[in-house]
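Protein sequences appear in the order of chains A and B.
At position 55 of the first sequence (counting the first as 1) the number is 55 in this note's numbering, and the numbers step up by one without a gap.
To convert, count from 1 in the second sequence and add 210; that's this note's numbering.
For the record, the hints were derived by calculation from the structure and aren't laboratory data.
Here the structure is a predicted model, which is why all the values come from computation and not from measurement.
Using N, Cα and C, we set each Cβ at its ideal position, and we do this for glycine too.
It is possible that part of the hints are untrue.
[Claimed, not checked] Taking lysine-lysine and the DSS-like style, the derived pairs with C-alpha atoms no more than 25 Å apart in a straight line are: (1) A:Lys207 - B:Lys430; (2) B:Lys430 - A:Lys108; (3) A:Lys202 - B:Lys430.
[As the list claims (entries may be wrong)] Reference excerpt, derived from the structure (chain B facing chain A, CB under 8 Å, subset only): (4) Asp250; (5) Leu426; (6) Asp428; (7) Ser433; (8) Leu434; (9) Asp435; (10) Ala438; (11) Ala439; (12) Arg441; (13) Ser442; (14) Gln446; (15) Arg447; (16) Tyr450; (17) Asn454; (18) Leu455.
[To be verified] Sample of chain B residues with no beta-carbon within 12 Å of chain A, all distances over it, derived: (19) Ala249; (20) Ser325; (21) Ile333; (22) Ile375; (23) Ser414; (24) Arg419.
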Amino acid sequence: MRPYTRAIADSRTPSLRLLFAGLVAFSLAILALAPAKAGVERDLIAGLAGEAEPVLNDKSIASAERTKKLRSILSSVFDNQQMAQSMLGRYWRRADDGQRSELATLMKTYLIDVYAGRMDSIDGQVKFEVGGEKVIGNRTIVDSKVLRPGPPPVSVVWQVETVNSKAVVTDIVVEGVSLVVSQRADFTSIIRSQGGLDGLIKLLKQKVGS
Amino acid sequence: MRYRLRKLVTVIRSATFALAFAGVASGCATLPDDPLDRADVLAANDRFEPANRMVFAINEAVDFVLLRPTAILYRDFMPDPGKDLVFNFVRHFTLPLTIVNDIAQGEWDRAEIASKRLFVNSIAGFGGVFDAATGLGLPHHKEDFGQTLATYQVAPGPYIVLPLIGPSSTRHAFGRIVDFGLDPLTYFLAKTPAKLSLGLRAVSIVDQRYRLLGPLDDLKQNSLDYYAAVRSLYRQRRTYEIRNLGDEATPKSTATVFETPINREG
Numbered sequence: 001m002r003p004y005t006r007a008i009a010d011s012r013t014p015s016l017r018l019l020f021a022g023l024v025a026f027s028l029a030i031l032a033l034a035p036a037k038a039g040v041e042r043d044l045i046a047g048l049a050g051e052a053e054p055v056l057n058d059k060s061i062a063s064a065e066r067t068k069k070l071r072s073i074l075s076s077v078f079d080n081q082q083m084a085q086s087m088l089g090r091y092w093r094r095a096d097d098g099q100r101s102e103l104a105t106l107m108k109t110y111l112i113d114v115y116a117g118r119m120d121s122i123d124g125q126v127k128f129e130v131g132g133e134k135v136i137g138n139r140t141i142v143d144s145k146v147l148r149p150g151p152p153p154v155s156v157v158w159q160v161e162t163v164n165s166k167a168v169v170t171d172i173v174v175e176g177v178s179l180v181v182s183q184r185a186d187f188t189s190i191i192r193s194q195g196g197l198d199g200l201i202k203l204l205k206q207k208v209g210s
Numbered sequence: 211m212r213y214r215l216r217k218l219v220t221v222i223r224s225a226t227f228a229l230a231f232a233g234v235a236s237g238c239a240t241l242p243d244d245p246l247d248r249a250d251v252l253a254a255n256d257r258f259e260p261a262n263r264m265v266f267a268i269n270e271a272v273d274f275v276l277l278r279p280t281a282i283l284y285r286d287f288m289p290d291p292g293k294d295l296v297f298n299f300v301r302h303f304t305l306p307l308t309i310v311n312d313i314a315q316g317e318w319d320r321a322e323i324a325s326k327r328l329f330v331n332s333i334a335g336f337g338g339v340f341d342a343a344t345g346l347g348l349p350h351h352k353e354d355f356g357q358t359l360a361t362y363q364v365a366p367g368p369y370i371v372l373p374l375i376g377p378s379s380t381r382h383a384f385g386r387i388v389d390f391g392l393d394p395l396t397y398f399l400a401k402t403p404a405k406l407s408l409g410l411r412a413v414s415i416v417d418q419r420y421r422l423l424g425p426l427d428d429l430k431q432n433s434l435d436y437y438a439a440v441r442s443l444y445r446q447r448r449t450y451e452i453r454n455l456g457d458e459a460t461p462k463s464t465a466t467v468f469e470t471p472i473n474r475e476g
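Construct the entire structure; sequences and hints are all you get.
See below:
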């Protein structure tokens, strides 16, 4: 054992003992704070599930009204710019300010439409089960399952990150299929084959408008 | 005999050479100078894209006139309990091949689960139409030779769309051929009338297409380039299956999905 380690372990010197105690207290404080901080991410998903479940299961609401409600629930959990940026990757850096703001708005509307439609098309009584969470770097992964009577449960994994000091959903993986990876493949193909970013903007406008 | 064999070897050799040459030639021809574009081409790993798009379009046409309408009829006219029986039955017959590949991968626990499942459902499930095994802690899973190659670090190779079969990687396509010889069912069905094996295959295709009705209609409606969307979906699902994340036979944390990039495999 090296001398300074022994000094800490023995804690004979008052200043070292104080330092040691301080270190212990500090690490305990971090341990205590970590789960509390991580809880925000899980709460975001649990909140989303809690809000969406009654809307989906209330068959008295008209379809258009339900889609509207789902849209408003979903729009609070994404960050426009962050989503567009991660889906366009390198092309985002090439885009000018006008293209950026247009893409961010269009993509958000497009994604929320798609997801509201997807949630709406689930048949029968739906139950969301929010599972555990895991922190990987600056991302928090929240596990969940969509349960319906009959078919096997569907695994939905959420990636939550802090963007502009707010916890937002940055990816959704349904049975191994990632929203960001899929959209990136789709958008990249359009950018490459149909007139760059402007081509993509044009197509998205058609899609959102329809 | 010897002459024939030599001729066969020559044919294979020249075919391999032609394929390799075509691969190199088209690979060189399509790789752009711009680094940004080049990275996209490499990520898509689709050097046969023009040919693939053509086969994809033909497959789409066949699907539109034949497979999808059949699947819709099946959805509307087959009662739900009947669909469950068909689903169980079709899955049951994939187990022998799964066991062979589990063993080839050195996955003894999974081979054991699949073997027990085959035994239990053959008897208590009346030849596989009922699923008694899942309740006994023997969940279903599926393996093929393409997945076995993946576990031995064989690269997926470029994306190819096979006529009628659909999205595939070169590795997966090669695996399909090997699977035909590897599947104990092939030899079992060889002794029965051809109608039986064709019937089983047809039922399996209808069942699969029925299960894909929702996802594929959704993808078609919600994508800008359906071809690229299917390519991405195929790769992601395939990676998920290779890592055994989609089945209950080896429980894993779903968070592992995020630990490695999933868009580079297939």
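These are the hints, each one checked on the structure:
With a C-alpha separation of about 12 Å, the suggested pairing of lysine 207 of chain A with lysine 430 of chain B holds against the 25 Å cut-off. For the hint pairing lysine 430 of chain B with lysine 108 of chain A, the CA-to-CA distance comes to about 19 Å; that is within 25 Å, so the pair holds. Restraint check: the Cα-Cα separation between lysine 202 of chain A and lysine 430 of chain B comes to about 18 Å, which is no more than 25 Å; the hinted pair holds. The beta carbon of aspartate 250 of chain B comes within 6 Å of a beta carbon in chain A, closer than 8 Å, and the hint placing it at the interface holds.
Look at leucine 426 of chain B: its Cβ only gets to about 13 Å from chain A, farther than 8 Å, so that hint breaks. With its C-beta approaching chain A no nearer than about 7 Å, aspartate 428 of chain B sits inside the 8 Å limit, and its interface hint holds. The interface hint given for serine 433 of chain B is met, as the beta carbon of that residue sits about 5 Å from the closest beta carbon of chain A, less than 8 Å. Hint status for leucine 434 of chain B relative to chain A: holds, with the closest Cβ pair at about 5 Å, below 8 Å.
With its C-beta approaching chain A no nearer than about 4 Å, aspartate 435 of chain B sits inside the 8 Å limit, and its interface hint holds. Hint on alanine 438 of chain B holds. Least Cβ distance to chain A is approximately 3 Å, under the 8 Å limit. At about 5 Å, the closest approach between the beta carbon of alanine 439 of chain B and any beta carbon in chain A falls short of 8 Å, and the interface hint on this residue holds. The criterion of a C-beta within 8 Å of any C-beta in chain A is met by arginine 441 of chain B, whose closest approach is roughly 7 Å, and the hint holds.
Taking 8 Å as the C-beta contact cut-off toward chain A, the hint placing serine 442 of chain B at the interface holds, the least distance being around 3 Å. A hinted interface residue such as glutamine 446 of chain B counts as satisfied when its beta carbon comes closer than 8 Å to some beta carbon of chain A; here the least separation is about 5 Å, so the hint holds. Taking 8 Å as the C-beta contact cut-off toward chain A, the hint placing arginine 447 of chain B at the interface holds, the least distance being around 6 Å. A least Cβ separation of about 3 Å between tyrosine 450 of chain B and chain A falls short of the 8 Å threshold, and the interface hint therefore holds.
Because the closest C-beta pair between asparagine 454 of chain B and chain A is about 11 Å apart, greater than 8 Å, the hint is violated. Annotation: interface hint on leucine 455 of chain B holds; nearest CB of chain A at approximately 6 Å, less than 8 Å. Interface exclusion of alanine 249 of chain B from chain A breaks down, the closest Cβ pair being 7 Å apart, not more than 12 Å. No Cβ of chain A approaches the Cβ of serine 325 of chain B within 12 Å, the least distance being about 22 Å, so the stated non-interface status holds.
In this structure isoleucine 333 of chain B is separated from chain A by more than 12 Å, as the shortest Cβ-Cβ distance comes to about 24 Å. Distance check on isoleucine 375 of chain B: its Cβ is at least 20 Å (rounded) from any Cβ of chain A, clearing the 12 Å threshold; non-interface status holds. Separation of serine 414 of chain B from chain A is adequate, the least Cβ-Cβ distance of about 19 Å exceeding the 12 Å criterion. Here arginine 419 of chain B stays apart from chain A, with its beta-carbon at least about 17 Å from theirs, past the 12 Å limit.
In summary, the numbered hints that this structure violates are 5, 17 and 19.
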